[in-house]
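Novice: Following the hints, position chain D against chain C.
Each protein sequence line maps, in turn, to chains C and D.
Under full-length UniProt numbering, residue 271 is the last one in the first sequence; the count climbs by one each step, no gaps.
Under full-length UniProt numbering, residue 265 is the last one in the second sequence; the count climbs by one each step, no gaps.
Calculated from the structure, these hints are not laboratory results.
Mixed in with the good hints there might be a few duds.
To be verified - The following label-pair restraints were derived from C-beta to C-beta distances:
#: 1; chain 1: D; residue 1: Lys259; chain 2: C; residue 2: Glu163; range: 16 to 24 angstroms
#: 2; chain 1: D; residue 1: Ala116; chain 2: C; residue 2: Met263; range: 36 to 44 angstroms
#: 3; chain 1: C; residue 1: Glu47; chain 2: D; residue 2: Tyr10; range: 49 to 57 angstroms
#: 4; chain 1: D; residue 1: Met215; chain 2: C; residue 2: Lys91; range: 40 to 48 angstroms
#: 5; chain 1: C; residue 1: Val256; chain 2: D; residue 2: Ser81; range: 50 to 58 angstroms
#: 6; chain 1: D; residue 1: Arg3; chain 2: C; residue 2: Ser96; range: 49 to 57 angstroms
#: 7; chain 1: C; residue 1: Gln265; chain 2: D; residue 2: Leu54; range: 33 to 41 angstroms
#: 8; chain 1: C; residue 1: Arg223; chain 2: D; residue 2: Pro153; range: 15 to 23 angstroms
#: 9; chain 1: C; residue 1: Ile53; chain 2: D; residue 2: Trp174; range: 51 to 59 angstroms
#: 10; chain 1: D; residue 1: Ser81; chain 2: C; residue 2: Asn262; range: 18 to 26 angstroms
#: 11; chain 1: D; residue 1: Tyr10; chain 2: C; residue 2: Phe14; range: 47 to 55 angstroms
#: 12; chain 1: D; residue 1: Arg2; chain 2: C; residue 2: Glu163; range: 17 to 25 angstroms
Said to hold, decoys possible - Examples of chain D residues lying across from chain C (beta carbon under 7 angstroms, computed):
#: 13; residue: Ala241
#: 14; residue: Val243
#: 15; residue: Ala245
To be verified - List of simulated lysine-lysine pairs, BS3-like, C-alpha gap at most 25 angstroms:
#: 16; chain 1: D; residue 1: Lys127; chain 2: D; residue 2: Lys179
#: 17; chain 1: D; residue 1: Lys262; chain 2: C; residue 2: Lys91
#: 18; chain 1: D; residue 1: Lys127; chain 2: D; residue 2: Lys217
#: 19; chain 1: D; residue 1: Lys259; chain 2: C; residue 2: Lys91
#: 20; chain 1: D; residue 1: Lys262; chain 2: D; residue 2: Lys179
Heads up, the beta-carbon is just placed ideally off N, CA and C, and yes, glycines get one too.
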Amino acid sequence: MNSLLRHKGWTWGFRTTILLYFVVLIILPIMGVYYNSFSLGFSSFAESISDPIAWKSVLLTLKLAVIATVINVLLGTMIAWVLIRYRFPGKALLNSLVDLPFALPTAVGGLMILLLLGPGSLIGGMAEKLGFEIVFHQPAIVIAMIFVTFPFVIRAVQPLLEELDPSEEEAAYTMGAKSSRVFRQVILPSMAPGMISGGMLAFSRALAEFGAVVLVAGNIPGRTLVSSVFIFGEVESDNPVGAAAVSVILLTLSFVILWLINMLQMRGRRS
Amino acid sequence: MRRLWIGLTYLVFFLLIAAPLGKMTTEAFSEGFGGFWASLSRPEALHALMMTGLVVTVVTLLNTLFGIMMALYLVRANWLSARLRGLLNSIVDLPYAVSPVIGGLMIVLLLGPDSALGAVFEQIGVKIVYAFPGMVIATLFVTFPLMVREVMPVLQEIGSQQEEAASTLGAYGWTTFWKVTWPSIRWAVIYGVILTVARSLGEFGAVLVVSGNIMNKTQTATTLVYQDVENFNVTAAGGVALVLAAFSAGLLLLMEWSKRRKGVH
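The following block holds chain C by itself, in its conformation from the complex:
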């Protein structure tokens, strides 16, 4: 009996610990941000948001993240296609290099881009002569976003292409379809779910990116200051409520995207 009691006590202790850990580590902090941004009433939240630097940073982040995502969907689909459909020397190497941007610390990624395109470098110097400015301007932010979100689309499209039944394509060709038509009507539809879900993941990651961006962006308010860097600045200047207000917008946006991806995957599984 004694041992049984002890056994039960252990189980309860275990369960409570794990659930408490989960609540304290994940749920409480997220609720804390929402609570803090509204802690001084809705008007102060609106005030923090209507600060032109704040909402311009949100708009800029959205704009650049959209550009980065579109480029990534195009490049990622192409690379996924090449890595699945063709055999060529170095294929296995490229396939493992895809994940490198995930494995590299984002600050290291930012530094690499800064060094490659920076003012003292070969490419940076050439661009400067041509009148382009990359580093500390918007193009560098887009490049940083592309770099950190590079694997998403590739890894989402690859399994779909692998599963695609070659007989469907063959049938289309046999019936006299041109290759462009086969691509549009057979291959593209089967890649589309991966392009969408990978693109959405890349988008939400690009919205959130900080490490790579902070090093290459000039962080000039209204022009190259993205929201995550803005939040960091607000924390540094001891204005956590302002930081929390912008965080709430970004968080809500990311949660909606995450929820959409989940819905998409569930629908895909059912059909």
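Specialist: For chain D alone, coordinates are given in the frame of chain C:
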């Protein structure tokens, strides 16, 4: 056509990955091997690398332990209603959607010196924000889904029949776990550990906000890189970053290896 696509792919990889890596390596060695060594043997660099090592070790241990337990509960626990499990299951992914900076901000808001909880801890004499515990908590937050998401599908796949059989035959919960569950989730756990190590090694935003980036105290390798760049000391930054990149590349190789093992088992 085929040539063109392959060529384009090589071009993208070269521009986006190979060229930046190469440039960083040459920059780190721009003052010769001595310069590289000097950037690493600075006291603040040694301290930062040590801090990173400490954070990685503590976070990996905790996250592995709690991650496996959480996955077990989310898949197996009958004492939680199915609806509650579904809710918890969708919450597990939330840290993916949270910007690391916001993750750091959350910890500061919740446990910082101005908050109620932070004040309590301050009275006991425990500093959390701008100190080691805060950095661990921030990194735990960021890495939380990695282990759970690796272990859960395996648990779902193997089903609970073997485990039930073991406990019917009279095995204790602990024995069942070691003899029946562990062998099948082993490779998923190892993969999760590698992912956790990689993520906590590279964590930057959350740690930067929570640690305050105090040199020789709470500075980690990634935040040191940031500070070096801010101070226009690019060569030193390159040295530390190269070490980090080498570690990440090693982890990537390990990942490939364990992924293959995971598929084979």
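Novice: Run every hint past the structure and note whether it holds.
Specialist: Each hint tested on the structure:
1. Lys259/D x Glu163/C: 16 to 24 angstroms: 18 angstroms, holds
2. Ala116/D x Met263/C: 36 to 44 angstroms: 37 angstroms, holds
3. Glu47/C x Tyr10/D: 49 to 57 angstroms: Cβ of Glu47/C to Cβ of Tyr10/D: about 52 angstroms, so the range 49 to 57 angstroms holds.
4. Met215/D x Lys91/C: 40 to 48 angstroms: Since Met215/D and Lys91/C have Cβ atoms about 45 angstroms apart, the given range 40 to 48 angstroms holds.
5. Val256/C x Ser81/D: 50 to 58 angstroms: The hint (50 to 58 angstroms, Cβ to Cβ) is violated, given that Val256/C and Ser81/D are roughly 26 angstroms apart.
6. Arg3/D x Ser96/C: 49 to 57 angstroms: For Ser96/C against Arg3/D, whose Cβ atoms are near 23 angstroms apart, the range 49 to 57 angstroms is violated.
7. Gln265/C x Leu54/D: 33 to 41 angstroms: Since Gln265/C and Leu54/D have Cβ atoms about 37 angstroms apart, the given range 33 to 41 angstroms holds.
8. Arg223/C x Pro153/D: 15 to 23 angstroms: 44 angstroms, violated
9. Ile53/C x Trp174/D: 51 to 59 angstroms: 56 angstroms, holds
10. Ser81/D x Asn262/C: 18 to 26 angstroms: At 20 angstroms between Cβs, range holds.
11. Tyr10/D x Phe14/C: 47 to 55 angstroms: Once the Cβ atoms are compared, 52 angstroms apart, the range 47 to 55 angstroms for Phe14/C and Tyr10/D holds.
12. Arg2/D x Glu163/C: 17 to 25 angstroms: Taking Cβ atoms as reference, Arg2/D and Glu163/C lie about 22 angstroms apart, which means the hint holds.
13. Ala241: Holds, because the Cβ-Cβ distance from Ala241/D to chain C comes to roughly 4 angstroms (cut-off 7 angstroms).
14. Val243: 10 angstroms, violated
15. Ala245: With a minimum Cβ separation of about 5 angstroms from chain C (threshold 7 angstroms), the hint on Ala245/D holds.
16. Lys127/D x Lys179/D: Distance ~41 angstroms between Lys127/D and Lys179/D Cα, so the pair is violated.
17. Lys262/D x Lys91/C: Holds, because 22 angstroms separates the two Cα atoms, which is no more than 25 angstroms.
18. Lys127/D x Lys217/D: 13 angstroms, holds
19. Lys259/D x Lys91/C: 18 angstroms, holds
20. Lys262/D x Lys179/D: 18 angstroms, holds
When the structure is compared with the earlier hints, violations turn up for hints 5, 6, 8, 14 and 16 and for no others.
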